[in-house]
Amino acid sequence: MVNPVLLIAVPLGLAFMVPLIDSASRKLTRFVPVAALMFNLILCIRLIPAVLENPIVINLGGFTPPFGINLFVGPLGLLFAGLISLAGLVVSIYSLSYIKNGPVVKYHMLYMLLLTGATGVVLTGDLFNLFVFFEILCISSYALVAYHGDRAGIESSIKYLIQGTVGSGLLLIGIGFIYGIFGTLNMADIAMKIATVEQSTLFVPMILMVAGLGVESAIFPLNAWLPDAHSSAPSSISAILSGIAIEVGLYAVARIVFTVFGISDIYLFFAFLGILTLLIGEMCAFAQSNIKRMLAYSSIGQIGLILFALALATNNTVTGGLFQLVNHTISKGLLFLSAGYMIYRSGSMEISSLNGMGKRMPLTSLAFTVGAFSLVGLPPFAGFPGKFLIVSGALLKGQMVINILVGLVLLSTVIEGTYFFRVIQALYFKDGNGERKRAPATAVTAMITLMILIVALGVYPKFLADFLSSASSDLLDKMSYVGSVLK
Amino acid sequence: MTGMEILLLVAFGGVMLTYILGRISSSLRNTFAVVLSLVLVVIIALMYDKTGETIFYRGFFGIPMSFRIDALSWLFAMATSVLGCLSVIFSLSYMSDRKNISFYYSMLFLVNAGMLGVVFSGDLLSFFIFWEIMSWSTFLLISFNRGPAVAAGLKYIIMSIIGSMAMLAGTISLYTNYGTLNIADLSHLTVSASPGYQLFLLIIFGVAFGIKNAVMPLHTWLPDAYTEAPSPFSAVLSGMLTRMGIYGFLLIIYVVVGAARFLHAADSTVSSFNYVLAWLGAITIVIPTFIAMLQNDAKRLLAWHGIGQGGYMILGIAFGTNMGVAGGIFHTLNHAIYIVLLFMSVAAIQYRTGGVRDLNSLGGLIKKMPVAFIGALLGICGLIGVPLTNGFVSKWMIYKTLISGRAPFLAFAALIGSWGTILSVYKFLHNIFLGQLPEKYRDIKQSPFNMKLPIIVLSSTILLFGILPGLPLRVINKIVVSFGFDSLNISLWGIVSESGMLNTINLFAAILAGLIAVWLFFRIGARTIPVKQDDNYAAGAAVPRDRYSYTAKYYDPLFRMISPYLKDIFNTFYMKIADLTGYLSNGIRKIYTGYVGNYVMYIVLFISLMIFVQMKWSPW
Amino acid sequence: MSFLQNNIYYIGAFGLILIGLLIVLVKHNLIKVIIGLSIMDTGINLFLIAIGYLRNGTAPIFSSPEVESVLMVDPVPQALVLTAIVIGVAVLALALSLAIRLYKHFGTLDLRKIKELKW
Amino acid sequence: MRSVFSLILLVVIGAGVVFTLSSIPFGSTSSDVGEYYIDSGRADTGATNIVTSVVVGYRAFDTLGEVTVLFVAAIGLGAILAAGRENEEKKKAEWEPASLVLYTGCRFLFPLILLFGAYVFIHGHLTPGGGFQGGAIIASAFLMVYLGCRKKRISKTWARNTESISGLVFVVTGLTGLAVGGHYFLSNFLPEGTLNTLFSAGIIPIIYIAIGLKVGSELTGVIDDLIEESE
Amino acid sequence: MIIIVTLIVAIMLAAAISVVFFKDLLSAVIASCLVSLFASILFLFLQAPDVAMAEASIGAALITAIFMIALRRTRRYEE
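Protein chains in written order, with the numbering used here: chain A, 1 to 487; chain B, 1 to 620; chain C, 1 to 119; chain D, 1 to 231; chain E, 1 to 79.
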């Protein structure tokens with residue numbers, strides 16, 4: 001059996017090695033992330049059968065869980081790890097040609113470490129360890145947002161940094177409270193002991209932790225960094241931030257709220273929060289004329305939708321939410337990647353500057369169109385099954401409040417459709433000028449891979465549904481989580 | 001593989017193949033397109049009188065997706081494929097000098113395939129999926145012409161998404177309640193549904209289909225879309241695509257909910273829904289028809305008539321007797337035939353005049369383009385419902401239903417509609433074909449053969465169905481029976497019923513006799529001398545030779561009288577909503593002020609608000 | 001006095017945290033905001049250590065192998081704080097390098113004037 | 001106005017915190033995990049400094065992450081400063097040379113401080129201190145040289161290679177544990193030796209030395225980058 | 001003992017608050033250095049010598065140095 005700790009250790013080791021490799025051969029460094037993420041992807045795929053049978057619990061350093069740190073590789077964690085490797089691989093291939101200027105070696109190191117941090121967050125079973133990996137994720141994204149060193153990048157990076165640091169500070173205070181109350185940092189251990197403490201005591205730590213993680217996961221009042229950072233980062237990084245970083249944040253929120261605390265009184269509140277995030281994100285995106293900002297706000301909206309789905313906490317909705325999450329990673333990645341080259345060619349982020357791109361860059365425009373269709377939830381693309389599952393799960397609950405929220409979800413889809421179709425019209429049905437020029441082969445490879453994935457998932461969602469279903473029970477079934485960690 | 005699977009495979013496979021062939025050679029693509037559309041017609045024709053259902057896919061979370069064929073879907077599929085075929089043939093020369101023709105053809109086939117998928121769907125899931133495919137591919141075609149078409153396409157797709165979201169909600173609600181989406185199963189299961197739930201289903205699906213069929217308050221996408229789309233596609237759009245809404249109404253009211261069983265029970269909620277729907281249909285007849293009268297754009301005029309005629313169909317279907325439903329379905333078919341014919345005639349003229357469709361700048365083309373004239377003439381005869389054209393039969397059936405169903409106001413509304421139709425389409429015919437020929441059109445040619453062919457085919461169909469309505473009515477009767485109504489008594493020549501019957505052969509004889517009499521009268525007693533058109537008395541002033549049009553202000557006093565009442569207030573209303581959404585969004589995004597201290601403030605505010613609520617009320 | 005005895009460290013810790021937050025909220029000079037973040041970090045560290053304290057405990061170090069386990073303070077928060085301090089300095093260094101860049105681009109550190117990205 | 005509003009919000013948060021703190025009385029909480037570490041830390045890891053046994057033994061994975069955080073920050077800082085530097089012309093500021101006393105003092109003190117730093121991290125498992133503290137002390141030695149001797153610079157490649165080699169040592173030690181030491185990442189595969197001697201506690205000194213070098217070189221690199229920037 | 005601690009806490013908080021009011025950023029940096037320094041003394045009181053060492057060497061020394069380098073490059077006084 002392969003050991004899941006390699007998912008973190010190998011990219012980390014390779015990242016440490018990059019300066020040495022770099023002094024040996026300049027060209028080789030660019031391919032290090034590709035190799036590392038390929039390795040991770042293969043590892044994830046090989047782990048699937050074992051994980052579906054039983055979650056793998058790795059005790060690091062050989063100390064049993066409440067005393068040592070453990071990795072918990074359940075279906076959910078593996079789903080995220082696989083998604084991170086997949087998106088990371090595709091984007092790293094894209095970056096090969098997209099990132100040409102600036103300190104390229106440092107870019108690839110930071111990029112790899114960002115993904116390592118994300119993998120660590122989703123696999124760890126220890127609260128403080130989660131914080132540490134979260135910091136890796138955050139700090140590398142601060143640096144990557146400012147990668148180009150231009151005005152916008154630096155400005156958004158510093159704003160992101162301030163908010164992110166406040167958020168992680170709050171998270172650390174929450175962890176401190178939790179340690180003070182329970183005397184342990186192991187999530188399974190805390191989950192087991194949660195019933196021994198009066199509920200009201202746990203409120204402040206929980207809200208601090210949710211707020212801290214919420215900053216990264218872009219839940220409504222905490223997400224002000226997102227549009228700036230996503231719009232001014234290099235497009236490959238925007239794709240990763242949108243597709244991986246905020247999802248991982250959401251994972252952490254869900255893990256803490258559902259598995260660790262698991263007190264169902266608060267779930268409905270999160271459903272409302274999700275809808276609020278969804279509506280605000282979509283409406284702000286509606287009013288944008290800058291394409292990357294529009295995509296960024298749309299990410300906020302999608303996160304709201306996923307949060308709503310997770311917060312309903314039934315197997316169906318969580319499966320749907322996870323499906324939507326997978327879809328969002330792939331589609332938004334595709335959108336950012338294709339938009340990246342279109343912006344590169346046209347030299348401006350205004351939607352009007354993309355007029356007539358359908359003629360000049362047909363494949364890139366097609367990629368954008370497919371991504372947009374998928375995100376809006378049109379069949380036969382990957383967005384539809386997710387939306388279908390979410391709505392059906394929510395209606396199955398049969399509560400009037402939730403039915404109304406579902407109505408709002410559908411309403412927001414209309415808004416989302418409007419602004420995406422506006423861009424598609426600009427691409428295809430408005431006249432622009434410029435010469436016809438293809439995106440480079442690496443970028444095309446990346447986009448075609450994602451397009452194939454979108455269509456495949458849309459046509460045959462069952463492929464993922466079973467796995468997602470066990471992932472959702474991994475998230476919701478607190479007892480089996482506790483049981484498998486603390487044998 | 002059953003026939004339906006092969007059919008859909010051919011339809012969707014053709015989309016790709018058309019595009020790929022288009023990259024190779026345009027003539028190859030054109031040949032392939034014609035062959036493909038003919039193949040579709042043949043396959044569907046071979047399916048006549050079959051019923052059955054096959055599951056074709058379980059990959060969507062294990063929900064079985066199936067195809068189903070019965071008389072209803074066969075009729076719609078046949079109409080779709082034939083009109084699609086004619087539209088492709090027509091496009092061959094109409095689109096020949098445009099850009100992106102491969103894209104045009106493949107999207108046309110995609111729309112067609114989507115419609116075929118919709119009508120052959122055996123469950124609501126595949127129905128929804130094909131419906132969506134149909135919707136977004138339509139969107140890509142409506143904006144094909146660029147310019148103002150962009151706004152039209154956006155309007156269309158927004159309303160279309162609203163409709164499909166409503167449909168999604170309804171579909172999923174059915175799924176969560178009954179655990180299946182198979183239409184046949186659902187029709188048994190919904191028997192026990194509460195009246196409230198039935199009403200909910202009808203309303204939520206009604207929104208979706210009402211938008212597609214442009215029922216009055218939901219119609220605003222249609223005029224722009226019809227006007228701006230490429231003309232051969234406008235024909236498909238108005239002939240079949242819009243009428244998928246009618247198919248949907250039939251499916252939801254009479255198949256899924258099964259309203260025929262209890263429609264006329266005293267306390268049925270469904271009957272009140274249908275009553276409201278019938279009134280909406282009546283409004284949809286009257287107002288758009290009169291708005292049509294105000295139009296000076298040939299396609300826009302036809303578009304408004306498209307809405308108005310949709311009202312007749314709704315009226316017939318909603319009234320819910322066997323005669324009414326049959327009339328509604330028949331009118332759908334007839335409308336498809338004559339409106340496609342009219343659009344094609346307009347398109348032929350556009351083709352030769354370089355895209356002109358302004359009624360006031362055309363005229364006198366009758367001698368230049370006689371085929372188009374005959375097409376337009378027969379088309380408007382059908383539209384009005386002149387006896388011996390197909391429109392007459394279906395309108396007769398609807399009138400008869402309304403009168404024998406004691407709904408005088410509805411009947412009156414329908415009648416008013418017909419009156420308005422006559423006024424406005426006469427203007428249409430006159431301004432294009434009669435009157436004076438402008439100088440610049442002195443030497444335009446006949447339209448090419450592949451444009452004439454569809455016009456001739458459709459014109460003869462109008463007469464055929466007008467004289468022998470029994471042909472389509474047999475199929476329609478089967479549909480009506482399958483809904484649970486009593487069978488109609490149909491002969492090849494018409495309909496036999498207890499209170500008054502329709503016999504078109506008698507009519508034919510009478511009208512023929514009348515025509516002969518009139519012809520003889522004028523032939524024998526002719527005392528006229530031909531004068532030139534501009535040989536006119538104009539208060540002493542010389543009449544301009546080039547442009548003498550006494551039709552520029554057609555019906556002007558009438559316009560001045562009615563036009564203040566005929567503003568499209570719904571369009572204004574929706575535009576207001578869109579503006580409002582824009583303002584609101586613009587306001588909301590102002591919360592991201594750009595000052596990072598505020599952003600941190602939001603974080604702190606969030607936490608302290610939570611803590612405050614918790615400490616004050618302790619809800620947790 | 002017993003109130004102080006029981007709460008003085010908590011007061012100190014949360015005093016620092018809240019003052020740090022206050023600085024971030026009301027000051028608009030970037031350097032000051034970063035100082036605020038650093039003060040907040042210090043406060044958090046103090047809070048964590050205070051949680052692990054055991055009255056009359058000794059430092060968790062066995063100065064000779066013979067010493068039996070006496071009353072010792074909890075070592076876990078200390079380990080956490082070691083980590084947190086290093087993370088703090090990492091973020092701080094990054095923030096200051098960004099501040100230098102920002103100053104180069106905008107010629108000011110006043111966050112109210114750095115609002116090119118908004119809405 | 002703004003500050004008053006902020007104060008109100010912070011007071012509310014403070015109230016929530018006070019409420020929660022009432023269930024964590026100061027100075028009397030004891031955690032099972034902490035007690036376990038104190039009781040069996042020596043036996044498990046062989047370090048007499050229990051904090052060290054937690055940092056490098058029980059929670060070594062955290063430490064790996066933490067080293068990575070510092071690494072990320074150092075690279076990120078380098079990237080940000082480098083990205084901006086590309087598009088501006090180099091200008092060399094004139095440094096006022098340091099006085100002779102300062103110069104000599106710095107040069108004299110520098111090896112001593114280095115030695116002290118090394119001592120701190122080598123004895124991390126025995127006495128207070130460890131890799132982070134030692135690394136920070138080493139970095140401050142370099143800082144002193146930068147400030148006092150002005151013109152001295154450490155070689156960039158040297159620092160970078162130290163950084164990556166020591167990082168690699170950490171990871172490879174962990175992977176070796178995975179390979180030979182009972183199939184756990186970062187598990188101890190070396191003999192624990194006798195308590196309270198320098199060569200004891202298995203892999204802990206190795207890791208702490210690696211950490212010390214890494215932290216030292218990274219912080220030095222950070223300072224170097226910043227100073228270079230400010231020239 | 002408790003009085004000393006209280007005094008240290010008071011000074012520390014005073015130093016922290018003074019950051020709000022200093023116009024000279026260098027003074028603010030020094031104040032934050034003081035905060036770290038006193039915090040490290042408190043760590044010592046709380047029986048955490050490791051942390052005290054780390055805070056003194058990193059928090060008080062290195063961070064202050066980095067701040068000062070940054071201040072050299074930017075602007076010393078708050079606008």
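FYI, nobody ran anything at the bench for these hints, they're computed from the structure. Incorrect hints may appear among the rest.
Not everything, but these chain B residues come out facing chain D in the computed CB check (under 7 Å) [as the list claims (entries may be wrong)]: (1) 272; (2) 602; (3) 604; (4) 607; (5) 611.
No farther apart than 30 Å at their CA atoms in a straight line, the calculated lysine-lysine pairs in the BS3-like style are these [said to hold, decoys possible]: (6) B:616 with A:430; (7) C:118 with A:430; (8) C:115 with B:590; (9) B:367 with B:440; (10) A:193 with A:478; (11) D:156 with C:113; (12) C:27 with C:118; (13) B:367 with B:445.
Being a predicted model, the structure only gives us computed values, none of them experimental. We treat Cβ as the ideally placed atom computed from N, Cα and C, and that holds for glycine.
Right, here's what the structure says about each hint:
no., hint, result
1, 272, "54 Å, violated"
2, 602, "11 Å, violated"
3, 604, "5 Å, holds"
4, 607, "6 Å, holds"
5, 611, "4 Å, holds"
6, B:616 with A:430, "56 Å, violated"
7, C:118 with A:430, "28 Å, holds"
8, C:115 with B:590, "12 Å, holds"
9, B:367 with B:440, "15 Å, holds"
10, A:193 with A:478, "12 Å, holds"
11, D:156 with C:113, "36 Å, violated"
12, C:27 with C:118, "19 Å, holds"
13, B:367 with B:445, "10 Å, holds"
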